[in-house]
Amino acid sequence: MPTLIDKIWKRHVIRELSDGRTLLHIDRHLIHDGSSRQAFDGLRATFRTVRNPTLNFAVVDHIVSTLPGRTGESYPPGQERIRALRVNCIEFGLELYDVDSPRQGIVHVIAPELGIALPGCTLVCGDSHTATNGGLGALAWGIGTTEVMHVMAAQALLMRKPKQMRVTFRGTPQEGIYAKDLILYFIGKHGVAVGTGFAVEYAGDAIRTMTPEERMTVCNMSIEFGARMGIVAPDDAAIQYVAGRPFAPTGSKWDAALADWRGLQSDPGAKFDRDFEIDCSHVRPQITWGTSPQDLVAVDEPLPDPFAVADPERRAAIKRALTYMALTPGHTLEDIPIDYAFIGSCTNSRLSDLEAAARVVQGRKVHEGVKALVVPGSMQVKAAAEAAGLDKIFIEAGFEWRNAGCSMCVTSNGDMVDPRKRSISTTNRNFEHRQGPQARTHLASPAMVAAAAVSGCIVDVRKLLKR
Amino acid sequence: MQPFTSVSGIAAPLLLPNITTDAMSPTIAGRSTSADLGALLFANWRYRPDGSEIREFILNKPKFRESKILLAGPNFGCGSSRERAVWALLRFGIRVVIAPNFADIFYDNAFQNGLLPVTLPLEKYSVLADAVSQVRAPMMTVDLERNVLQSPDGREIAFEVPAERRTALLEGLDEIAVILRLQSYIDVFQTADRRDRSWIYLERAMPGKSHPEQGLHPVPDKIELPDKVENGTPE
Chain F
0 MPTLIDKIWK
10 RHVIRELSDG
20 RTLLHIDRHL
30 IHDGSSRQAF
40 DGLRATFRTV
50 RNPTLNFAVV
60 DHIVSTLPGR
70 TGESYPPGQE
80 RIRALRVNCI
90 EFGLELYDVD
100 SPRQGIVHVI
110 APELGIALPG
120 CTLVCGDSHT
130 ATNGGLGALA
140 WGIGTTEVMH
150 VMAAQALLMR
160 KPKQMRVTFR
170 GTPQEGIYAK
180 DLILYFIGKH
190 GVAVGTGFAV
200 EYAGDAIRTM
210 TPEERMTVCN
220 MSIEFGARMG
230 IVAPDDAAIQ
240 YVAGRPFAPT
250 GSKWDAALAD
260 WRGLQSDPGA
270 KFDRDFEIDC
280 SHVRPQITWG
290 TSPQDLVAVD
300 EPLPDPFAVA
310 DPERRAAIKR
320 ALTYMALTPG
330 HTLEDIPIDY
340 AFIGSCTNSR
350 LSDLEAAARV
360 VQGRKVHEGV
370 KALVVPGSMQ
380 VKAAAEAAGL
390 DKIFIEAGFE
400 WRNAGCSMCV
410 TSNGDMVDPR
420 KRSISTTNRN
430 FEHRQGPQAR
440 THLASPAMVA
450 AAAVSGCIVD
460 VRKLLKR
Chain H
0 MQPFTSVSGI
10 AAPLLLPNIT
20 TDAMSPTIAG
30 RSTSADLGAL
40 LFANWRYRPD
50 GSEIREFILN
60 KPKFRESKIL
70 LAGPNFGCGS
80 SRERAVWALL
90 RFGIRVVIAP
100 NFADIFYDNA
110 FQNGLLPVTL
120 PLEKYSVLAD
130 AVSQVRAPMM
140 TVDLERNVLQ
150 SPDGREIAFE
160 VPAERRTALL
170 EGLDEIAVIL
180 RLQSYIDVFQ
190 TADRRDRSWI
200 YLERAMPGKS
210 HPEQGLHPVP
220 DKIELPDKVE
230 NGTPE
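The listed protein sequences correspond, in order, to chains F and H. Taking numbering that gives the first Met the number 0, the leading residue of the first sequence gets 0, the next gets one more, and so forth. Taking numbering that gives the first Met the number 0, the leading residue of the second sequence gets 0, the next gets one more, and so forth.
Each hint should be verified, as a subset may be incorrect.
Derived BS3-like pairs (lysine-lysine); straight-line CA-CA distance at most 30 Å [what the hints assert, rightly or not]: (1) H:K123 / F:K160; (2) F:K391 / H:K60; (3) H:K60 / F:K162; (4) F:K9 / F:K160; (5) F:K318 / F:K6; (6) F:K318 / H:K62; (7) H:K62 / H:K123; (8) F:K188 / F:K160; (9) H:K123 / F:K318; (10) H:K123 / F:K188.
Hint data in this document are derived by calculation from the structure and do not stem from the laboratory.
Full structure from sequences and hints, please.
Next up, the structure:
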C-alpha cells in the first residue's frame with residue numbers, strides 16, 4: 000500500500016543504483032541570491048551548462064532591500080551578490096525575477112503563487128524552507144549549494160529515500176488559533192530532531208479544512224523539527240489554488256495533469272515508519288520562549304524552571320536559553336515588553352497572514368517604542384493586500400509597509416533587531432543571534448505578533464479578538 | 000574535492016545539542032563573498048560585539064586553535080541549509096565532526112566538500128566524549144581507510160560511513176561526475192516523461208544567451224547506456 004510520498008518518488012526515479020541511492024528527476028528548481036553563486040561558478044569552471052533552463056527560476060529575495068523605492072543598489076553590501084545573480088542568469092539563460100519585477104518575492108511564496116510548484120512535482124531550492132511548497136502536494140526539499148549545481152547541470156539529484164512519518168492533526172482549533180500555532184505545538188511536544196531522516200505527510204481533518212496557504216505554513220516548519228520534506232495530499236482546494244496561475248498547465252495539459260493529481264494520496268492502510276497524532280481542539284496560542292523552536296509554551300503557561308528538570312543536558316540548555324533571552328523561570332510571557340514586531344517570511348507573509356494580522360490591528364495603534372514591520376511575501380501579495388486596503392490599516396496603525404523579501408527573518412539585507420532587544424516575529428527560527436547579534440526572538444502567529452505590536456508587550460491574542 | 004584518508008589532530012569538545020548552521024556561520028559571513036569564513040566560524044560564540052575574543056570558548060583556547068576534529072552534541076548542523084557552514088569548518092581546519100547524529104542537509108553538504116561526519120552510537124560516543132574531556136590536549140586519529148578512530152586514551156573505536164560516501168571521500172570524487180555519467184538515463188527518462196507528464200515541461204521564451212535544451216534535441220532510437228553504473232562510482 001503506497002504512501003503519497005512513495006507514489007511521487009516512484010515516478011521520478013531515473014535509475015536506482017545498487018548502493019541504495021536513486022537518481023531522481025527534479026521537475027522544478029528555484030534559485031535565489033543567497034545560495035547560488037558558487038554553484039554557477041562551479042558550472043562555469045567545468046564548462047557545464049544548465050540542462051533544462053525552462054525548469055529553473057531565479058529570484059532575488061535574501062539580500063534585497065525592502066525599503067520603499069528600493070533598487071538593487073539600495074543595500075550596498077548586497078549589490079555584489081545581486082549583480083552576480085543577474086550576470087549568471089544572463090550567461091546561463093535563466094529567467095530572473097529581479098528587484099523591479101512584479102513577480103519578485105520570497106522564493107517559497109512566489110513558487111506556489113506563479114504556478115511553478117505543482118501537485119506531484121519534485122521541487123528543490125538551496126534553502127531549507129523549500130518544503131513550504133508541500134502545501135500544494137509538491138515533494139519539495141532544501142539542498143546545499145553543491146546540489147544546486149547538480150540540479151542545474153543534470154535536472155536530477157542522487158538521493159537516498161527518506162523514512163516516512165505521518166502527522167495527523169485532528170479536531171477543530173479554537174478561535175485565535177492558527178496553522179502556525181498547530182505546527183509550533185507539534186514541535187514543542189516532540190522536539191527539533193524528531194523528523195531527522197524522515198519525510199513527513201500531514202493529514203487529518205484539521206489539515207483538510209485548512210486553505211492551501213495555511214498548509215504551506217505547516218509544511219514550511221518541517222525543517223524546524225528536522226524533516227527535509229513535508230507534504231499534504233493535493234485535493235480540490237489545492238487544485239483550485241493552482242488553476243489559472245502563470246505557469247500552471249492549460250487546455251489538454253491541464254486535463255492530463257488533473258487526471259494524474261486525482262490519484263495523489265496515500266492508499267488506505269499505507270504504512271509509515273512513524274505516526275503521530277495531535278488533538279487541535281485544546282491548543283492555545285503558542286509562543287517560543289527560548290533559542291530553539293522546541294522551546295515553546297502557550298502564552299498563558301509558565302516558563303520552565305531548569306531546577307525542576309532532571310536531565311542535566313536539558314537543564315543546562317534551558318538555563319542557557321533563559322539567560323540569553325533575559326527571562327525568569329516560573330513567569331508566563333504575558334506582559335513581557337517587546338521592542339520589535341515583525342510580520343513576514345516564507346512562514347507567514349501570504350495574503351491570509353496579513354489579513355489575520357490586520358483584523359487585530361484595525362482601529363488600534365502600534366504601541367509607543369515598538370518598531371513594527373510588515374514585509375509582504377511577494378510583490379503580488381503586496382498588490383493584493385493594497386487592493387484590499389490592508390496597507391492603510393497597517394500604515395495608519397504605525398506599521399512600516401515594506402517591499403517583498405526575506406528581511407528580518409534572516410537579516411541578510413540589513414533589516415535586523417538591535418542587540419539585546421526583544422522581537423516577536425512570524426518567522427521560523429529563534430536561534431541565538433538569528434535576527435541580529437544578541438537579538439531575542441519570540442516566534443508566534445501573525446495575529447499574536449499584531450496583538451503584541453499594538454499592546455507593547457506579549458499578550459494572548461484571544462483577548463483582543465473579543466470586541 | 001580534497002580526498003580524505005586519515006586525519007590526526009586535536010579534537011575539540013563542543014558538546015551542546017542542536018548546534019545550528021547559523022551558529023557555525025552567522026549571516027554576517029554571508030553578506031560579502033570576500034568574508035573570511037574560517038575566522039568567522041562560530042563568530043557569535045568566539046567574539047564579543049567589539050570583536051575581542053571570548054577566551055573561554057573552546058576554539059579560542061591555545062591548545063584547540065589548531066583543532067582538526069570537532070566532537071559535538073546530537074542533531075549537529077540543524078536549521079539552515081547554508082553550505083557555508085561546512086566551508087567555514089573546513090577553512091578553520093576542521094576535517095571531521097563526530098556526533099551521535101547529524102541534521103540531514105548538513106550531513107549531505109559535509110560529504111560534498113570532503114568534511115567527514117562520523118555518526119557514533121550513543122554508547123561509543125559517551126566513551127569517546129569522556130576520553131576527550133579528560134585530557135588537556137586530546138589527540139585523535141580518524142582513519143577512513145580502516146573505518147576506525149583512535150580515542151585520546153589509545154582505544155580504537157570502529158565507525159560506519161555509507162559505502163558510496165566513503166569511496167567518494169577516499170578518492171576525492173565529486174558527486175557531479177557520478178551523476179553526469181548517468182546522463183543518457185536522464186535523456187531516456189525525460190523523453191518518455193515528456194509524453195507521460197507533458198505539463199511538467201514548460202515551453203517558454205528564455206532570456207539571455209540561448210542554451211538549447213538537451214531534452215529537445217532529437218533523441219536517437221538506440222541510446223548507448225553505460226554498462227557499469229551499478230556501484231554508483233566510476234571505474
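Here's how the hints hold up against the structure:
1. H:K123 / F:K160: Roughly 27 Å between the alpha carbons, so the hint for H:K123 and F:K160 holds.
2. F:K391 / H:K60: violated (55 Å)
3. H:K60 / F:K162: violated (41 Å)
4. F:K9 / F:K160: Given pair F:K9, F:K160 holds - Cα atoms ~10 Å apart, limit 30 Å.
5. F:K318 / F:K6: violated (45 Å)
6. F:K318 / H:K62: Roughly 28 Å separates the two Cα atoms, so the pair holds.
7. H:K62 / H:K123: holds (25 Å)
8. F:K188 / F:K160: holds (26 Å)
9. H:K123 / F:K318: holds (28 Å)
10. H:K123 / F:K188: holds (28 Å)
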